[in-house]
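Q: Given chain S, put chains H, X and L with the ligands in place with the hints provided.
Residue numbers (our numbering), protein chains in the order written: chain S, 1 to 257; chain H, 258 to 514; chain X, 515 to 771; chain L, 772 to 1028.
Just so you know, these hints were derived from the structure itself, not from any lab.
Some residues of chain L that are not near chain H, with every Cβ distance over 10 Å (derived):
{"#": "1", "residue": "R773"}
{"#": "2", "residue": "K783"}
{"#": "3", "residue": "R797"}
{"#": "4", "residue": "E821"}
{"#": "5", "residue": "K875"}
{"#": "6", "residue": "Q878"}
{"#": "7", "residue": "P958"}
{"#": "8", "residue": "N1002"}
{"#": "9", "residue": "S1021"}
Simulated crosslink set (DSS-like; lysine-lysine; CA at most 25 Å straight-line):
{"#": "10", "chain 1": "L", "residue 1": "K1000", "chain 2": "L", "residue 2": "K792"}
{"#": "11", "chain 1": "L", "residue 1": "K955", "chain 2": "X", "residue 2": "K743"}
{"#": "12", "chain 1": "L", "residue 1": "K843", "chain 2": "H", "residue 2": "K329"}
{"#": "13", "chain 1": "X", "residue 1": "K654", "chain 2": "X", "residue 2": "K623"}
If we take Cβ atoms under 7 Å as the criterion, some of the chain L residues that face chain X in the derived model are:
{"#": "14", "residue": "F899"}
{"#": "15", "residue": "T925"}
{"#": "16", "residue": "A930"}
{"#": "17", "residue": "H948"}
{"#": "18", "residue": "V949"}
{"#": "19", "residue": "V950"}
{"#": "20", "residue": "T951"}
{"#": "21", "residue": "I977"}
{"#": "22", "residue": "F988"}
{"#": "23", "residue": "L989"}
Glycine included, every Cβ here is placed at the ideal spot set by N, Cα and C.
Each chain, written out:
There are 4 protein chains.
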Amino acid sequence: MRFLIIGDVIGKPGRKIVGEKIKAIRKSQNIDAVIVNGENSAGGLGITPETTEELLGFGIDVITTGNHIWDKKEILPYIDSQLRLLRPLNYPPGVPGNGSVILKNNQRKWAVLNLSGRVFMSPLDCPFQALDKELEIIKKETNIILVDFHAEATSEKIAFGWYCDGRVSCVVGTHTHVVTADEKILPSGTAYITDIGMTGAHHSVIGIETKQILSRFLTQIPVRYTVAKENIILNGVIVEVDDQTGKSVSITRFSLS
Amino acid sequence: MRFLIIGDVIGKPGRKIVGEKIKAIRKSQNIDAVIVNGENSAGGLGITPETTEELLGFGIDVITTGNHIWDKKEILPYIDSQLRLLRPLNYPPGVPGNGSVILKNNQRKWAVLNLSGRVFMSPLDCPFQALDKELEIIKKETNIILVDFHAEATSEKIAFGWYCDGRVSCVVGTHTHVVTADEKILPSGTAYITDIGMTGAHHSVIGIETKQILSRFLTQIPVRYTVAKENIILNGVIVEVDDQTGKSVSITRFSLS
Amino acid sequence: MRFLIIGDVIGKPGRKIVGEKIKAIRKSQNIDAVIVNGENSAGGLGITPETTEELLGFGIDVITTGNHIWDKKEILPYIDSQLRLLRPLNYPPGVPGNGSVILKNNQRKWAVLNLSGRVFMSPLDCPFQALDKELEIIKKETNIILVDFHAEATSEKIAFGWYCDGRVSCVVGTHTHVVTADEKILPSGTAYITDIGMTGAHHSVIGIETKQILSRFLTQIPVRYTVAKENIILNGVIVEVDDQTGKSVSITRFSLS
Amino acid sequence: MRFLIIGDVIGKPGRKIVGEKIKAIRKSQNIDAVIVNGENSAGGLGITPETTEELLGFGIDVITTGNHIWDKKEILPYIDSQLRLLRPLNYPPGVPGNGSVILKNNQRKWAVLNLSGRVFMSPLDCPFQALDKELEIIKKETNIILVDFHAEATSEKIAFGWYCDGRVSCVVGTHTHVVTADEKILPSGTAYITDIGMTGAHHSVIGIETKQILSRFLTQIPVRYTVAKENIILNGVIVEVDDQTGKSVSITRFSLS
Ligand SMILES: [Fe+2]
Ligand SMILES: [Fe+2]
Ligand SMILES: [Fe+2]
Ligand SMILES: [Fe+2]
Ligand SMILES: [Fe+2]
Ligand SMILES: [Fe+2]
Ligand SMILES: [Fe+2]
Ligand SMILES: [Fe+2]
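This is chain S alone, in the form it adopts within the complex:
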């Protein structure tokens, strides 16, 4: 199967480019399924039932998220009703929502997992332990497994990639909003990239108006952030997975403006 995984979609400009381009990309790139990280899809901070459904309406198969998942309160009562919207698996027991989903395309089952790192982030449960537990269940159903590891520190992301090698089809990093140039197939067949970047205005600081972020750094006074609008780019990777083995055949950065 061929997957397109799209980096953090930032507000309306991000949703717009996804909506406009996704059908053509699916066709031209021969994509079987699309995953997007949607944690910034609502005004740059958080995700709502509406932005979730707008993205799913574009034909997105699964939406992953990260630390911004709860920024918009409306998502809390909604999340359990929408199985295609994930939050990091390693939230503590009892938290609404799911961290994984198994879907089916033409008789082939495939799964998506969403986990969060902890270095410079909230102290969630251990993502390594959480992965081990979840794979025990998922591996019974399929070995086509895609992981969005939402994390800050390169050390934690790369370590997590090695930890997954040979156990899942791919690990793609999100959260920094900057694409890295280290995509590769690890020795045991897991495709890996430290970060797939963001989908939104690149004439900005990680999708937000430059002036606002600069003001924050220069004064240390909190600022209301607004989503930037210029130079919209869609960023992601295309991962081709062998249906039989679940191992990756290729991983390619994909970018479009």
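A: Same frame as chain S, now just chains H, X and L with the ligands:
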């Protein structure tokens, strides 16, 4: 002028590949000057007078560093004697060493600045204020100015890039040890990249043995780190600067194994 | 002179107890001037022109603050007009508001300084350097100088106390909302205490409803905080300063419910 | 039963005062058992088999620790052999050592638990979940349960206290090395104090030479720390627990120089 800027050199394997390749690269790429980040050149943590001189002996023009600058105590009494070795400019007043240097090639003066970010790092003095002050001095001598901004958070690095746009020739990020794919010339002529990656063993976690880092993440018990040795890659960028204007003409990722 | 310094006033319950008790305390304890930390006076997060004026209306002489100073946006355009309201001195140049004030009681001049720590907090300018600069100016006017050092880490607070010893009349810590039992006169005459605690509902977690904070720790989902209302206690210290030398004669914890 | 719980013992001066005074205190205060936090007992950083055995040799019943537990490598192969030495319970599965112990005095069983917070600290497993699991086991044996919660943030410590109220005999905080003045019996019978302080040289910054810590704050250059030697004080609390109910009758700060 054409500059080669090389990302964090990790221990002996990193120094070795620099030593072996640098002359050929200078020639084939028509490089006028070479800058390397050396904060991990001594056993992966810190830099010593010996590794400094080994790197300079290879024909490196300037060595920049970052948060690991003081890991090896021997560097403290030495640093003031070696003007080609920089530590971040925004250490408080009174700290040994320099954060900038002006050199001359064939009558053309050019400068290097080294600054550190503060997000998820030590609370140094403000890098934005420190830059402003230093540029007042340096701009009187030359407008060919290369900045190594050693920082963790992509927001701080990108914001710093925009802040510098039109005032320096380039801002290259270091510290994460992972190359990003966002190299560009900003609208007012400053070349920018979020991180230029590392020079060392890439079969590793940011240059360190994978097993050790994984053990740390799985147990939270501190581990003695050793430098990894397999899959040595040199990473950096080549920046071409217009001698008259000090603006950048091009920035290109450069990688060699 | 005898000073009463009151710890972080939390919302309406905190303002209420100050309003009700302050006159009687001034009289019974023979207090010459009162300082309160007001960073949580507006709904537990931030301070407004209204809560500032309510506190000043109770006869408070100076209001200090800390990291929550900007939580309520209305304070930004107001702060420059109210010299008795301080924000940490070590915000970068250009930030509205002042970090120190000199007042006069019966011909005696006395000063208050407000600084913030940086460990586990925002990277403001160095509080040690900021203190040095400010004392050069203030020492020309008076040697009765009271410092509110708003900080998290005990190491930074105690180190700051020693750094100030003999140079100011007292250093009282704020921010943790828990009174410490280490009040003392340092060898060169500076009164010191790591934290003077808070003024608000103590049947709570640092002034906020226990259920809300617990929910946050158990789920890692952000929660809207509301100010707790039971078991209201006013906490602070009384510091007696020798008018001639500016050295402290005594420091005593003061608590009242 | 009457328990003496002693705050972080700092290096040789800390061990010395414990050794000299403990017998007399036990007698005069009618103490049934003594617990000390030993994470700084070896040179200020960590604990060794030798300092463990020295402390136990003084008649200490249980040694708790915290984030510095692994600073001295020798403790790793030793810790499983010494059941009276605890490390925080919420280290991940598979980590050497134990986080709780059950002992017997004159037919009465009693237990000690050691947990660590996570705010501004390493991302261990959730201390709230870890407590719940452990209490299920321990409650079958005894309801006299003493908890050392080693944590930085007052919010996390106080929240943990409330979470434990009525389920354990007492929660005492450690780690900040500064005694707080908020000891109390919570409504359902759990004794609580945010921090019991340290046992060592108080003419210092949290037990370390002031000059060294100040140099660190002023220059941001790491410094080798040495244990301070002047003004040695032993700090702790005495908690009286009802043998039948496991509820606390009293908690009193205890200090001796
Ligand atoms: Fe994001
Ligand atoms: Fe994120
Ligand atoms: Fe580095
Ligand atoms: Fe670094
Ligand atoms: Fe506060
Ligand atoms: Fe505060
Ligand atoms: Fe300690
Ligand atoms: Fe500790």
